[in-house]
Amino acid sequence: MPAGDGRDGKDRTDGKWVRRDSGPVVRPYAVTGGRTEPADGEVLDLIAVVVAVGLAGGATDDPIRLTPEHRKILRLCERPMTVADIASDTAVRVVRNRPAVQLPGNDVLKEILNGLRAL
Amino acid sequence: MGSARSDGAGTDAGGKAEADADASMLAAHKILIAGGFGAGKTTLVSAISEVRPLLTEERLSSAGAGLDNLRGVGGKTTTTVAMDFGRITISERLVLYLFGVPGQERFWFMWDELAYGALGAVVLADVRRLRDCFPSVNYFETRSLPFVVAINCFDDAPKYDAEEVRIALDLDPAVPALLCDARQLSSVKNVLTTLVESISAGTQAERRMVSALPPM
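Residue numbers (this note's numbering), protein chains in the order written: chain E, 1 to 119; chain A, 1 to 216.
Only chain A is shown next, with the shape it has when bound in the complex:
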C-alpha cells in the first residue's frame, strides 16, 4: 500500500527509477473513523492529530437517489463531499492517516473505496443514539474489516459499561468494545492501540474464517 507513483508531468526512465526509490521511503496506512452523525468523529481525529479538510469528488450512485436533488442537473454524475482527515507521523517513513467517514446514510457509496486497503476501523458509538452506529457495525462485519467499538462518553449521556453495549450490539467476542472520551489524547490513543493490537493478533480475521464455514 502507498507505493503508487506518478511524476504528474511525464516520465523518463532515469527519473522513474529515482522516484521508485524515493516513494518507497514513505509508507502510508489508513484507519477509518466511522459512526453516526455527531458521534464525535472529528473530535476524536483532532484529539490525536491535526485535522485537515479534504474535498473529494464522488461518483453519484443510486445510494444518493432521491436524496441529492438532481433536478435541472441531469448530466451531473459526481458530487463533492467534504471530509476530515488526520495525519499521524509514526516515523520519517511511516505515516498513519485517520479518515472520518461521513456517517449519514447518503454517503454510504463512499465507504467501499475508503475501506479498501484500510488497516481497520473505529466505530464511535453514542449510547443515547446507539442505533446510529448499527450500519457501521454491519458494514465492517460483512466486509471482514477489523474494527473496535469505542463508546464516546458524553458528559450528559447515561453511563453504561462496555459489556452492556457489546450485548446491545451483539458484537462478535473478538471485536473489542471500550469506553472512551474522544476529546482526550490518552483515551484516543487507547482506542487506536486496541485496534492495532486486535489487527496484529489476527483474532477477528480468524474468527470470521471459522464462522464462514458451512454448518455441519
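Just chain E, same shape as in the assembly:
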C-alpha cells in the first residue's frame, strides 16, 4: 500500500496514475471502465457496504473482459466490504455521494461503546 502520513507533503499514491507535478493523467473511473452506480437506486457513500454477487450476462473471471482492478475489486467484495476500504486497497479515487441518514439505535451505540472500551 502507499505509504506516508500526509504531514510530510509526499504524494501518497504509488504514483501510477497520479503524479504530484502533473496531476491525474486519466479520469479515475477509466481504471474500472466507467463509473459505477447502484442498480437499484440506492446511494453509495464511503461507508456503504457492498458485496459481489457474480457477473452480468454469465461472464466468468475472464482476463480479457476484466481488468486487474476489476478482479481485485471483485475479490475484495467476496465478503461485505465498504467503499472506503475498496478505494484504499485499490488506490482508485472515489467520488462521494450523499447517503441516506439512518442513525443507529441505542443498542448499537452501546455495542460501539463496549467495543471501544475493550480495545
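I should point out that these hints are in silico values taken from the structure, not numbers from a laboratory. Don't take every hint at face value.
As the list claims (entries may be wrong) - Taking lysine to any residue pairs in the SDA-like style, the calculated list, with each CA pair at most 20 Å apart, reads:
hint	chain 1	residue 1	chain 2	residue 2
1	A	189	E	111
2	E	110	A	201
3	E	110	A	93
4	E	110	A	89
5	E	110	A	26
6	E	110	A	193
7	E	110	A	145
8	E	110	A	88
9	A	189	E	113
10	E	110	A	205
11	E	110	A	200
12	E	110	A	202
13	E	110	A	94
14	E	110	A	87
15	A	159	A	187
16	E	72	A	53
Put chain A on the given structure of chain E with help from the hints.
Relative to the frame of chain E, chain A by itself:
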C-alpha cells in the same frame, strides 16, 4: 446506514436477494475527526486504528475559488483530495470508521457530505492555536451534529484545564470538553467513548431543540 448495495457488474434477481442478506451482515458507522492543521488528527486516528490513505474526487465549488489555481484548466470541475481514515472493528458485523476531515478552510466544501450520516465528531484543539478549531466548532454547532472538544496536550504547550478551554470556546454545557493525548490509545479511547456516551444520552440534541425554540 451502510446498507447500500451494488454488485458492480450487473444484477439478477436471485443474486440481489443474496446480496441483501450478505450486506446486512455488516453495518458501518462513521465519526469525523476535525480540527485545525497540525492539531493531531492523523495521530489520533493512528493511535486507535490502522491509518489508511484515501483519495477522493471532490467537486470544486466556490469555496476553492482563488485558492485552487484553475488557470489553463478551465474545464476542471473536480479535484483530488487525500485524506486519512481508520477502521475499528467492533464486531464481525459492526465497523466504526474514523475520517480525518481536512482542516484547512479550502476543504470546507467536503464537510457537508462527510458529516452527513455521521454519528458525531471530535474537534481536536491545540491551545496554542485555539482559534484554528473555531470553524469546526461552528460547523458542528450549526449542523446539530453531536461533538466533543478534545484538547490535545502537546508537550510544549501551556497547560489549561478543560473548563478554561470550554469558556474560551463558549461551548454549550451539553458539549463535553476534555484533555487528551492523541498519541495514547487509552486517551483516544476516552475521547471516543465520551462522544458515544454523549450521543447515546441525547443531551446535545435535546438542548439544541430547546435552544431552537423562539424566545418568549
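The hints, checked one at a time:
no. : hint            : result
1   : 189/A <-> 111/E : holds (14 Å)
2   : 110/E <-> 201/A : holds (11 Å)
3   : 110/E <-> 93/A  : holds (14 Å)
4   : 110/E <-> 89/A  : holds (14 Å)
5   : 110/E <-> 26/A  : holds (17 Å)
6   : 110/E <-> 193/A : holds (10 Å)
7   : 110/E <-> 145/A : holds (19 Å)
8   : 110/E <-> 88/A  : holds (15 Å)
9   : 189/A <-> 113/E : holds (10 Å)
10  : 110/E <-> 205/A : holds (18 Å)
11  : 110/E <-> 200/A : holds (8 Å)
12  : 110/E <-> 202/A : holds (13 Å)
13  : 110/E <-> 94/A  : holds (12 Å)
14  : 110/E <-> 87/A  : holds (18 Å)
15  : 159/A <-> 187/A : holds (17 Å)
16  : 72/E <-> 53/A   : holds (18 Å)
Violation of the numbered hints given earlier is absent; every hint is satisfied by the structure.
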